[in-house]
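Chemist: Sequence:
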Amino acid sequence: MVHAASGRVRLQVVIALAAALVLTAVLGYVALTATTVMVPEAGGTYTEGIAGSPMFINPVLSQANPVDQDLVALVFSGLTRVDSQGTVQPDLAERWEVSGYGMVYTFFLRQDATWHDGAPVTSSDVVFTVNVMQHDGYEGMSFLSTMWRTVVVEQLDTYVVRFILREPFAPFLDYTTIGLLPAHVLGSVDVSVLSRSAYNATPIGTGPFAVEDIDSQRIVLARYEGYYGARPYLDRLELYFHPDSASVLEARKRGEIMGMGRVGAQQIAQVQQDPELELYSAPLSGYNLVFLNLDRAIFQDRLVRQAMMWALDRQALVDEILDGQGMVIDTPILPQSWAHNQDVTQYARDLRKSRSLLEQAGWFDDDGDGVRERGDLRLEFSLATNGDDATRVAMIRMISEQLAEVGIRAVPESVEWEELVGQRLRLRQYDAVLSGWQSLPADPDPYPYWHSSQVNEDSVNFANYISSEADALLAEARRTADVDQRWSLYQRFQELFSQDVPSLLLYQPVYTFAVDKAVMGIQIAPMASSGERFATLPEWHLTVKRMMYAEARDQGLITPALP
Numbered sequence: 127m128v129h130a131a132s133g134r135v136r137l138q139v140v141i142a143l144a145a146a147l148v149l150t151a152v153l154g155y156v157a158l159t160a161t162t163v164m165v166p167e168a169g170g171t172y173t174e175g176i177a178g179s180p181m182f183i184n185p186v187l188s189q190a191n192p193v194d195q196d197l198v199a200l201v202f203s204g205l206t207r208v209d210s211q212g213t214v215q216p217d218l219a220e221r222w223e224v225s226g227y228g229m230v231y232t233f234f235l236r237q238d239a240t241w242h243d244g245a246p247v248t249s250s251d252v253v254f255t256v257n258v259m260q261h262d263g264y265e266g267m268s269f270l271s272t273m274w275r276t277v278v279v280e281q282l283d284t285y286v287v288r289f290i291l292r293e294p295f296a297p298f299l300d301y302t303t304i305g306l307l308p309a310h311v312l313g314s315v316d317v318s319v320l321s322r323s324a325y326n327a328t329p330i331g332t333g334p335f336a337v338e339d340i341d342s343q344r345i346v347l348a349r350y351e352g353y354y355g356a357r358p359y360l361d362r363l364e365l366y367f368h369p370d371s372a373s374v375l376e377a378r379k380r381g382e383i384m385g386m387g388r389v390g391a392q393q394i395a396q397v398q399q400d401p402e403l404e405l406y407s408a409p410l411s412g413y414n415l416v417f418l419n420l421d422r423a424i425f426q427d428r429l430v431r432q433a434m435m436w437a438l439d440r441q442a443l444v445d446e447i448l449d450g451q452g453m454v455i456d457t458p459i460l461p462q463s464w465a466h467n468q469d470v471t472q473y474a475r476d477l478r479k480s481r482s483l484l485e486q487a488g489w490f491d492d493d494g495d496g497v498r499e500r501g502d503l504r505l506e507f508s509l510a511t512n513g514d515d516a517t518r519v520a521m522i523r524m525i526s527e528q529l530a531e532v533g534i535r536a537v538p539e540s541v542e543w544e545e546l547v548g549q550r551l552r553l554r555q556y557d558a559v560l561s562g563w564q565s566l567p568a569d570p571d572p573y574p575y576w577h578s579s580q581v582n583e584d585s586v587n588f589a590n591y592i593s594s595e596a597d598a599l600l601a602e603a604r605r606t607a608d609v610d611q612r613w614s615l616y617q618r619f620q621e622l623f624s625q626d627v628p629s630l631l632l633y634q635p636v637y638t639f640a641v642d643k644a645v646m647g648i649q650i651a652p653m654a655s656s657g658e659r660f661a662t663l664p665e666w667h668l669t670v671k672r673m674m675y676a677e678a679r680d681q682g683l684i685t686p687a688l689p
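Count along the sequence shown from 1, then add 126; that gives the number in the working numbering.
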C-alpha cells in the first residue's frame, strides 16, 4: 500500500512538472510572439513574362513601346516622380523652387545619387538630357521636343540646374519626371543616331535595378546596391519576351514564370483558373475613342455627333469585347484626376433620343435602304482601326452594328498601324478612326489634343476640333498655377466638350497583371504607364523572417500603431 501511494505521488509530481514545462513553453512562445514580428526578408529572383520585346531602353525614346516603358521604370529615374495620388514628388532632385511669376524653376539635386557605373549624377546630366530632346535630330516623340525647345536650361552648380520658360506653364513639373541620360556615357554620340546606339540595349541608369544580361529572349536586372532610394528586397528580376499574351500564358502553364505582364481580355478567364495566381487591376492613364474628322460634311453638325453617342452602347463594348477590362468615360479628363467633372452629360444608349436628334438635323431614310440621307449626302463613312489588334477590329464591327440601328452606316476597315497613324491620322485623310491615347501624364492638361493650334500635321488634334471658347479655356488653364482656377476652367471645358462631342469617347482601359501568390508586398494604384506596376517593387518579397519588434521598428520595417 505504501509503495502504491508513493507511486501515485511520483506520477502526480511528473504530471505537475510536465504541465509546468508546457506552461513555460506556452508563456515563452507568447512572450516571443508578443515581442517579435514577421518582416520581409531580402533575396530571391522574380520572373515575369511580357508580350513584346524592347527596342529602346532609353527614357527619351521609350514612349511608343510598353516593354521599353516597363524597363525604363526599373533602370532610370528623373528629377521628380509622380505618386499614387498623381502628385509630383522629389526623386533625383531633393527640392525645387519656382520664381519669376511661374517661369523659373530651380532644382537642387541630391548628392548621393550615382549612375550604375558609379559616376555621380550631376546637373550636367540634366542639361545633356534636355539638350538631346531639343536637338533637331531628336527621334523621339514630337510632344517632348516641342515642349523642351521652348525651355532654356542652365547649369548653375554641380548639383543645381535652372529652367527658364517663355511663359507660365502649369504642367511643367510633369515633364521633369522623364528619366535622365548619362552625359559621361553618351556625350559623344550624335543625337541623330542615338536610336541606333548600343546603349539602348545595355543602358546605364540611376534606378533601383541595373541591366546584368540581355538577349532576344530575356533580360536580367540586378539590384543596384548604390541606389539612393529604398533598397528593394529582391536580388534580381528576369523578364522574358513573348510574341503575344497567349504565349505568356502558356509559359506560365509550363511553370517558367512567376508573373504575367499585361493580361489580355482573352486570357482573363484562363488566368482565373490558376489557383496560385493573384490578379491585380488598376485604371491605366489613357482612353480609347473614335476620332471624327470634323472637316467631313456629315460630322459638322453637333446634333449628329450627339446622336451617335446616344446610339452607342459603350458598356456593352467593355463587357462583351474587353471582358470588363475598361471604364466608360464621358470626358477627356479621367475620373482619377482632381480636375474631372462628373456632372457632364452621361451618354447611355437611347435609340429614341438618337433618332430624334438625327431628324432634327434633317437626316431621314426616305428610300428605306437603312441609311439616312440629307439632300445629296448619305450618313455613311469609313470606320478604320489597326488590323493587328483583334480587340479593336471586333470593336469597330460592334460599333458599326450599333450605329446601323439608327440609320448610320459605318463601314469597318482594317489597315496597317503605320498607315493608320502616319497617313490617315497625321495627314487627316480619314473619316473616322478608332484609336486612343496611352500613358497620359498626371497633369490633366488636354491642350495638345483639343486646342485648335494643334490642328496640323505635326500635332495631335486629329479631329480638327476648333472652338474659340475651348481654346480660351485650355490656354488660360495651362498659364495659371492656381489649382482652384484651373479646376474651374477645366470644369467648363468638359461641359463644352460633352456638348460639342468632337469625337466619340469610349472607355479608359484597365491594366491587369497576374503574379504568383508566393510574391508578397504587391500594391497597385492608378497607373500612367504599364511600368508603374513596379512602383511598389521595393516592397515585393518572396520570404519573411521573424525579428524583434523594437529592431524592426527601428529599421522602419513596421509602423508603430497609433495610440
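No lab work stands behind these hints: they were computed from the structure. Be aware that a few hints might be false.
The calculated DSBU-like cross-link candidates involving lysine-lysine, where the alpha carbons are at most 35 Å apart (straight line), are [unchecked claim]:
{"id": "1", "residue 1": "Lys643", "residue 2": "Lys671"}
{"id": "2", "residue 1": "Lys379", "residue 2": "Lys671"}
{"id": "3", "residue 1": "Lys479", "residue 2": "Lys671"}
Chemist: Of the numbered hints stated previously, which ones are contradicted by the structure, given in increasing order?
Modeler: Number 3 only.
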